[in-house]
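2 protein chains.
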Amino acid sequence: MKLFMLKNKLPNKIVTRLSLYYQILSKTTSSYISSQNIASHLGTNSAQVRKDISLFGQFGIPGKGYNVKKLYLNIEKILGIDKSWNVVIIGCGNLGSALLKYSGFKEQRFNIIAGFDIDKNKIGKVINNRKIYHIDELKNFVKKNVVDIAAITVPSSSAKEIIKYVADCGIKGILNFSATQIKLPKCITLKFDLTIEFIRLACMLANSKLTQ
Amino acid sequence: MKLFMLKNKLPNKIVTRLSLYYQILSKTTSSYISSQNIASHLGTNSAQVRKDISLFGQFGIPGKGYNVKKLYLNIEKILGIDKSWNVVIIGCGNLGSALLKYSGFKEQRFNIIAGFDIDKNKIGKVINNRKIYHIDELKNFVKKNVVDIAAITVPSSSAKEIIKYVADCGIKGILNFSATQIKLPKCITLKFDLTIEFIRLACMLANSKLTQ
Chain A
597 MKLFMLKNKL PNKIVTRLSL YYQILSKTTS SYISSQNIAS HLGTNSAQVR KDISLFGQFG
657 IPGKGYNVKK LYLNIEKILG IDKSWNVVII GCGNLGSALL KYSGFKEQRF NIIAGFDIDK
717 NKIGKVINNR KIYHIDELKN FVKKNVVDIA AITVPSSSAK EIIKYVADCG IKGILNFSAT
777 QIKLPKCITL KFDLTIEFIR LACMLANSKL TQ
Chain B
597 MKLFMLKNKL PNKIVTRLSL YYQILSKTTS SYISSQNIAS HLGTNSAQVR KDISLFGQFG
657 IPGKGYNVKK LYLNIEKILG IDKSWNVVII GCGNLGSALL KYSGFKEQRF NIIAGFDIDK
717 NKIGKVINNR KIYHIDELKN FVKKNVVDIA AITVPSSSAK EIIKYVADCG IKGILNFSAT
777 QIKLPKCITL KFDLTIEFIR LACMLANSKL TQ
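Here the protein sequences line up with chains A and B, keeping their order. Residue numbers for the first sequence follow the numbering used here, so the first one is 597 and each next one is one higher. Residue numbers for the second sequence follow the numbering used here, so the first one is 597 and each next one is one higher.
Check before you lean on any hint, since a few could be wrong.
Said to hold, decoys possible - Straight-line alpha carbon distances no greater than 27 Å define the calculated BS3-like cross-link-like pairs of lysine-lysine that follow:
| # | chain 1 | residue 1 | chain 2 | residue 2 |
| --- | --- | --- | --- | --- |
| 1 | A | Lys697 | B | Lys782 |
| 2 | B | Lys623 | A | Lys609 |
| 3 | A | Lys779 | B | Lys756 |
| 4 | B | Lys721 | A | Lys623 |
To be verified - Incomplete in silico selection of chain A near chain B, CB under 10 Å:
| # | residue |
| --- | --- |
| 5 | Ile610 |
| 6 | Ala643 |
| 7 | Arg646 |
| 8 | Leu651 |
| 9 | Phe655 |
| 10 | Val683 |
| 11 | Ala694 |
| 12 | Tyr761 |
| 13 | Asp764 |
| 14 | Cys783 |
No lab work stands behind these hints, which were simulated from the structure alone. Glycine is no exception: its CB is placed at the ideal position from the N, C-alpha and C atoms.
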């Protein structure tokens with residue numbers, strides 16, 4: 597199949613751009629989107645967007661743009677992320693509990709399957725059908741369940757140690773919500789920065805007519 | 597001054613690209629970064645990055661790259677976001693409380709100054725030096741304090757109504773953490789999507805050698 601043949605040869609630049617298009621599509625509520633509209637989010641030109649997308653087939657309708665859902669599902673296939681991703685939450689404090697309670701991830705194929713903590717008062721509790729286990733049980737849990745991603749929501753003081761332990765347990769994807777920065781050879785760590793959307797909004801406000 | 601002369605004429609495309617560079621710099625922990633490195637995050641080419649940045653002066657050192665802090669501060673000036681942004685949290689549940697407890701925003705000029713809720717048990721409480729007021733007090737609070745941004749962390753069922761009220765109170769920037777989508781003419785609303793970083797990590801995992 598054309599898609600799979602191409603997948604293994606995809607240059608990093610195209611993977612990056614497709615994942616940016618994918619993120620824009622995931623936030624789009626209308627049924628159709630133009631290449632100009634996608635390009636405007638990235639400060640790039642629409643010809644680049646059309647060129648990238650046309651590599652994989654004909655998704656646009658002249659005068660209407662791309663069918664958002666169709667393009668979204670196709671990019672998902674091209675990127676190889678059209679599967680379910682099992683997520684565990686490490687640290688069930690304020691942010692960790694908020695993640696455990698959140699159900700919106702499921703629409704996007706991210707299933708939160710359990711929480712882990714060291715606090716005796718939390719262990720055994722069930723939040724939104726997700727049980728909280730002692731962190732020492734993680735190694736065993738990973739042996740019995742597929743775990744793709746760990747979201748780290750422990751205090752920064754213990755984040756480094758915990759992230760190393762999580763990687764040792766064999767989890768390959770780590771989304772680090774703590775202020776600590778750490779890179780490990782055995783896994784991909786990505787630092788989640790809550791300020792990013794605040795920055796984006798500030799840029800929009802500063803460069804809008806509303807505040808001038 | 598050159599910067600200010602240019603600011604009012606900045607095309608949208610450059611504003612967008614600069615704000616993307618700015619976000620990359622805000623996550624960079626090394627002292628120097630190359631145009632290639634910035635470009636790789638965006639799937640663009642390094643010539644474009646160098647061209648954009650050179651519009652505003654000479655920030656790069658041959659063989660070393662850009663001084664991250666210097667470039668960051670300069671882009672901040674160019675974008676007009678080199679000021680403090682006062683933020684209020686509307687809805688002090690799990691996510692709202694996590695935001696109130698978070699101190700990392702201050703480094704980035706975002707000051708959370710108060711929380712608002714309707715729950716009698718929460719009103720009057722002080723979290724991390726930030727007081728929680730009744731939502732009915734917001735209008736009065738906005739008259740007495742500069743409030744640039746409201747982060748909406750109320751349940752989706754009441755989000756639409758609350759966002760309209762917040763806009764009526766005169767707040768121009770709204771960061772909407774709820775699942776509800778709403779656009780208002782008087783303000784800029786931006787939907788915060790917690791899944792975005794999960795998607796980014798999944799793309800990296802799917803296209804890495806770790807999981808192949």
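Here is how each hint holds up against the structure:
At roughly 32 Å between alpha-carbon atoms, Lys697/A and Lys782/B are farther apart than 27 Å, so this suggested pair is violated. Simply put, Lys623/B and Lys609/A have alpha-carbon atoms about 20 Å apart, close enough for the 27 Å limit, and the pair holds. A C-alpha spacing of about 40 Å is found between Lys779/A and Lys756/B, which places the hinted pair above 27 Å, so the restraint is violated. For the hint pairing Lys721/B with Lys623/A, the CA-to-CA distance comes to about 35 Å; that exceeds 27 Å, so the pair is violated.
Annotation: interface hint on Ile610/A holds; nearest CB of chain B at approximately 7 Å, less than 10 Å. A cut of 10 Å between beta carbons decides the hint on Ala643/A: the least distance to chain B is about 13 Å, and the hint is violated. The closest approach between the C-beta of Arg646/A and any C-beta of chain B is roughly 15 Å, which is over the 10 Å cut-off, so the hint fails. Below 10 Å, beta-carbon pairs count as interface contacts, and Leu651/A has none with chain B, the closest being about 13 Å; its hint is therefore violated.
Restraint check, Phe655/A versus chain B: the minimum CB separation of about 18 Å is more than 10 Å; hint violated. Nearest Cβ of chain B to the Cβ of Val683/A: about 7 Å, under the 10 Å cut. The hint holds. Hint on Ala694/A holds. Least Cβ distance to chain B is approximately 4 Å, under the 10 Å limit. Taken as an interface hint, Tyr761/A does not check out: its beta carbon lies about 18 Å from the nearest beta carbon of chain B, beyond 10 Å.
The closest approach between the C-beta of Asp764/A and any C-beta of chain B is roughly 15 Å, which is over the 10 Å cut-off, so the hint fails. A distance limit of 10 Å between C-beta atoms decides the matter here; for Cys783/A the minimum to chain B is near 7 Å, and the interface restraint holds.
Hints 1, 3, 4, 6, 7, 8, 9, 12, 13 from the list above are not met by this structure, while the remaining hints are.
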